[in-house]
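2 protein chains.
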Amino acid sequence: MPQTPPKTAIDALVFDAYGTLYDVASVTAICDSHFPASGAKISEIWRQKQLEYTWLSSLMGRYQDFWQITAAGLRFACGALKLELSEETFRLIMENYLQLDSYPEVPAALEGLAEKMPLAILSNGSPEMLIKVTQHNGFNRFIKEVLSVHELRIFKPAPQVYDLAVRKLGVAKEKIGFVSSNAWDAAGAKAFGFQVFWINRFDRHPEQLDLPPDHEIRTLDQIPPLIF
Amino acid sequence: MPQTPPKTAIDALVFDAYGTLYDVASVTAICDSHFPASGAKISEIWRQKQLEYTWLSSLMGRYQDFWQITAAGLRFACGALKLELSEETFRLIMENYLQLDSYPEVPAALEGLAEKMPLAILSNGSPEMLIKVTQHNGFNRFIKEVLSVHELRIFKPAPQVYDLAVRKLGVAKEKIGFVSSNAWDAAGAKAFGFQVFWINRFDRHPEQLDLPPDHEIRTLDQIPPLIF
Numbered sequence: 001m002p003q004t005p006p007k008t009a010i011d012a013l014v015f016d017a018y019g020t021l022y023d024v025a026s027v028t029a030i031c032d033s034h035f036p037a038s039g040a041k042i043s044e045i046w047r048q049k050q051l052e053y054t055w056l057s058s059l060m061g062r063y064q065d066f067w068q069i070t071a072a073g074l075r076f077a078c079g080a081l082k083l084e085l086s087e088e089t090f091r092l093i094m095e096n097y098l099q100l101d102s103y104p105e106v107p108a109a110l111e112g113l114a115e116k117m118p119l120a121i122l123s124n125g126s127p128e129m130l131i132k133v134t135q136h137n138g139f140n141r142f143i144k145e146v147l148s149v150h151e152l153r154i155f156k157p158a159p160q161v162y163d164l165a166v167r168k169l170g171v172a173k174e175k176i177g178f179v180s181s182n183a184w185d186a187a188g189a190k191a192f193g194f195q196v197f198w199i200n201r202f203d204r205h206p207e208q209l210d211l212p213p214d215h216e217i218r219t220l221d222q223i224p225p226l227i228f
Numbered sequence: 001m002p003q004t005p006p007k008t009a010i011d012a013l014v015f016d017a018y019g020t021l022y023d024v025a026s027v028t029a030i031c032d033s034h035f036p037a038s039g040a041k042i043s044e045i046w047r048q049k050q051l052e053y054t055w056l057s058s059l060m061g062r063y064q065d066f067w068q069i070t071a072a073g074l075r076f077a078c079g080a081l082k083l084e085l086s087e088e089t090f091r092l093i094m095e096n097y098l099q100l101d102s103y104p105e106v107p108a109a110l111e112g113l114a115e116k117m118p119l120a121i122l123s124n125g126s127p128e129m130l131i132k133v134t135q136h137n138g139f140n141r142f143i144k145e146v147l148s149v150h151e152l153r154i155f156k157p158a159p160q161v162y163d164l165a166v167r168k169l170g171v172a173k174e175k176i177g178f179v180s181s182n183a184w185d186a187a188g189a190k191a192f193g194f195q196v197f198w199i200n201r202f203d204r205h206p207e208q209l210d211l212p213p214d215h216e217i218r219t220l221d222q223i224p225p226l227i228f
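From first to last, the protein sequence lines are chains A and B.
Quick note on our numbering: the first sequence kicks off at 1 and runs consecutively.
Quick note on our numbering: the second sequence kicks off at 1 and runs consecutively.
Careful: at least some of the hints might be erroneous.
Because identical chains share one entry, a pair is satisfied inside a single copy or across any pair of copies.
[Unchecked claim] Quick list of in silico lysine-lysine cross-link-like pairs, DSBU-like style, CA-CA up to 35 Å:
id, residue 1, residue 2
1, 7, 82
2, 82, 116
3, 116, 41
4, 132, 41
By construction, these hints were calculated from the structure, which means they are not laboratory data.
Could you put together the complete structure from these sequences and hints?
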């Protein structure tokens, strides 16, 4: 008799924001509109520097919020590519970050999951950034808690960031499913003790950190069969 | 009457190792010999992942030594490029890290500086890696202390790493000149309170971390006129 694989016992789901729920590809399009043919390169360097600056400022003990870090990353990217970034263009590109759309499967997936358990966002984003982009997508009706690292003044993957979700949701870490498309974030969440779903949307190579996720899937709508 | 600019008062010099004293470009050549035409891409991804893993493992509180992290970075780079890395090739490429040559101006520059003040290396490298590459270049006669982050179990730019040099050299941080080609390392050293010389060998764009170095120079032989 074929055995059904045991389901993962999860009482709450916590989602990363950028790249997981919200599609950051539109950033490339707006960069391209201001700097023709350079959009892809700008957004690649920008994202890399944005992440590096979260890690570096955390390790130095010199927190700056994610809006400042995102701005610094954009300035670096344009500077490194010898592109003149006017204050007007800077403002327009940055504002795009507050109006990111979600990936196509996300609204229906969140709606279905929200009927079963509490959902939260746990992100590096500053509170204002997270509130705006979540409102823009109308996700407030699905998401119980929008949690920012800001009150801790340190970024992922510091364990105290993941612990914020435990404290705010009142759910044991073993019963929390953490969902991220960022492989390093998935590794940090696994190190902390969450049950981890790595959304590998773009067929990326897994990190070599000896912290594999519990589940590697492609889109959010693949979560329910794993837990219900 | 023309004024001579004031000299920087420095009682000891502390050098980063990889990319600052030791030329990591030979890594590209050996990767290219095993994976024709892919050497540059492998070493670019490898270096990026190596750094990322130092920051990520530090923030997670899961230190692994730099040899393990360097190995993980190499495995990631080959995996991401869909290149088959045999254990034999892995071993040969990794061993190259223990035999890096210095940049051409380094031996004479260190010799001259060592006559004036104590010199130290402060590196992410594991003690064994640092001892081997320093012996390979015969720099033990110039370098008083070879300091590794290993005893602290955290990587740069955590401030306690830079403080290790203060403790081991017995020189106040304001009187230590820190020399690195890594802009983020220079920023970390500046945040800590060293006098910082950024060796911008390859005309890189400065980091946007509001921590500019005291001096931006191209090679180590430009240090003496700034301090003597």
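Evaluation of the provided hints:
no.	hint	verdict
1	7 with 82	between (52 Å within a copy, 33 Å between copies)
2	82 with 116	neither (50 Å within a copy, 40 Å between copies)
3	116 with 41	neither (41 Å within a copy, 46 Å between copies)
4	132 with 41	within (26 Å within a copy, 38 Å between copies)
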